[in-house]
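Enquirer: Sequence:
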Amino acid sequence: MDPATMIATISIITAGLTIAVGSIGPALAEGRAAAQALQALAQQPDVSMCIQKWPSVIIQK
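When you read off a place in the sequence shown, starting at 1, and then add 22, the result is the number in the numbering used here.
Do not rely on the hints blindly, as some may be mistaken.
Listed next, with one range per pair, are the computed distances between beta-carbon atoms [what the hints assert, rightly or not]: (1) Q58 with M28: 43 to 49 Å; (2) A30 with A62: 47 to 53 Å; (3) A59 with I35: 44 to 50 Å; (4) R54 with T31: 46 to 52 Å; (5) S45 with V69: 31 to 37 Å; (6) L60 with T31: 39 to 45 Å; (7) A56 with I34: 28 to 34 Å; (8) A37 with S70: 40 to 46 Å.
These are calculated hints, taken from the structure and not from any lab test.
By construction, the Cβ of each residue, glycine as well, lies at the ideal position given by its N, Cα and C atoms.
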């Protein structure tokens with residue numbers, strides 16, 4: 023393997039790992055937010071319309 027090919031290979035692998043590690047945090051945060059919303063719905067079903075409006079507000083922004 024010549025040095026240029028090796029550098030290109032390492033760069034591609036590093037970019038892939040960076041994207042993978044960088045997407046873990048937002049995915050965990052989104053899952054945690056959804057879990058808390060479902061828990062709130064289970065504990066207080068009478069405020070379900072208020073809780074269900076938030077995702078549409080967030081998506082529209």
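Enquirer: List, from low to high, the hint numbers that the structure doesn't satisfy.
Expert: As far as the earlier hints go, 3 and 4 are violated by this structure, in ascending order.
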